[in-house]
Amino acid sequence: NAGVTQTPKFQVLKTGQSMTLQCAQDMNHEYMSWYRQDPGMGLRLIHYSVGAGITDQGEVPNGYNVSRSTTEDFPLRLLSAAPSQTSVYFCASSYSTGVETQYFGPGTRLLVL
Amino acid sequence: GENVEQHPSTLSVQEGDSAVIKCTYSDSASNYFPWYKQELGKRPQLIIDIRSNVGEKKDQRIAVTLNKTAKHFSLHITETQPEDSAVYFCAASIHGNNRLAFGKGNQVVVIP
Numbered sequence: 084n085a086g087v088t089q090t091p092k093f094q095v096l097k098t099g100q101s102m103t104l105q106c107a108q109d110m111n112h113e114y115m116s117w118y119r120q121d122p123g124m125g126l127r128l129i130h131y132s133v134g135a136g137i138t139d140q141g142e143v144p145n146g147y148n149v150s151r152s153t154t155e156d157f158p159l160r161l162l163s164a165a166p167s168q169t170s171v172y173f174c175a176s177s178y179s180t181g182v183e184t185q186y187f188g189p190g191t192r193l194l195v196l
Numbered sequence: 005g006e007n008v009e010q011h012p013s014t015l016s017v018q019e020g021d022s023a024v025i026k027c028t029y030s031d032s033a034s035n036y037f038p039w040y041k042q043e044l045g046k047r048p049q050l051i052i053d054i055r056s057n058v059g060e061k062k063d064q065r066i067a068v069t070l071n072k073t074a075k076h077f078s079l080h081i082t083e084t085q086p087e088d089s090a091v092y093f094c095a096a097s098i099h100g101n102n103r104l105a106f107g108k109g110n111q112v113v114v115i116p
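Protein chains in written order, with the numbering used here: chain S, 84 to 196; chain X, 5 to 116.
Read the hints as simulated data drawn from the structure, not as lab findings. Hints may be right or wrong, so weigh each one.
[To be verified] For lysine to any residue, the following SDA-like pairs were computed, each having C-alpha atoms within a straight-line distance of at most 20 Å:
#: 1; chain 1: S; residue 1: 92; chain 2: X; residue 2: 46
#: 2; chain 1: X; residue 1: 26; chain 2: S; residue 2: 124
#: 3; chain 1: X; residue 1: 108; chain 2: S; residue 2: 123
#: 4; chain 1: X; residue 1: 75; chain 2: X; residue 2: 58
#: 5; chain 1: X; residue 1: 46; chain 2: S; residue 2: 192
#: 6; chain 1: X; residue 1: 41; chain 2: X; residue 2: 14
#: 7; chain 1: X; residue 1: 46; chain 2: S; residue 2: 86
#: 8; chain 1: X; residue 1: 46; chain 2: S; residue 2: 184
#: 9; chain 1: X; residue 1: 108; chain 2: S; residue 2: 186
All chains, full assembly: derive it from the sequences and hints.
Structure representation (structure tokens):
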């Protein structure tokens with residue numbers, strides 16, 4: 084199994100540009116989530132999904148959209164990038180709920196100029 | 005509230021000594037408390053977790069203790085080794101135990 088994969092590994096955007104961060108898992112996990120990690124701030128939940136077709140907001144959802152059309156994929160969309168969205172983004176998945184072992188992807192480092 | 009706080013923010017220990025990191029949480033309904041280790045440039049990985057019906061759990065050199073009354077839980081690392089140097093994040097389940105709230109992390113430095 085590849086586990087949780089994320090693409091790209093690194094991205095530079097200009098303010099106002101849009102992009103999609105990809106996340107996929109091959110473990111048949113129902114629960115998937117997106118976190119952002121900023122220095123001194125820990126991991127903050129952006130959006131999460133408890134299954135295909137179901138998404139919900141986390142702690143810091145503004146400026147981000149998600150969808151879950153399949154069990155495997157959970158893309159994160161930045162509609163109009165802002166410098167405040169410069170961060171490292173981690174996707175994670177777990178078997179059925181958020182209160183089980185979460186397996187993190189390798190992360191995407193995003194720089195918005 | 006959903007706050008999870010970790011203390012101290014940075015901890016330096018001599019190799020072979022013990023390290024203890026404490027977390028406090030505010031949601032009395034929380035029932036799942038994991039600890040994640042993140043090495044520089046790597047992804048967070050679960051090292052140990054505990055549920056609310058258990059007071060202590062051990063796995064080789066690491067252990068976690070939980071005090072539900074006081075709403076705090078601690079990570080204990082014994083016989084520390086240089087490879088234990090990392091950032092450690094605690095978390096607590098929130099919102100009907102469907103999400104995790106993470107602390108801001110503790111930098112542990114093991115001095116050879």
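We went through each hint and held it up to the structure:
no. : hint            : verdict
1   : S:92 <-> X:46   : holds (12 Å)
2   : X:26 <-> S:124  : holds (17 Å)
3   : X:108 <-> S:123 : holds (6 Å)
4   : X:75 <-> X:58   : holds (13 Å)
5   : X:46 <-> S:192  : holds (12 Å)
6   : X:41 <-> X:14   : holds (14 Å)
7   : X:46 <-> S:86   : holds (15 Å)
8   : X:46 <-> S:184  : holds (17 Å)
9   : X:108 <-> S:186 : holds (19 Å)
Against the hints set out earlier in the document, no violation occurs for any number.
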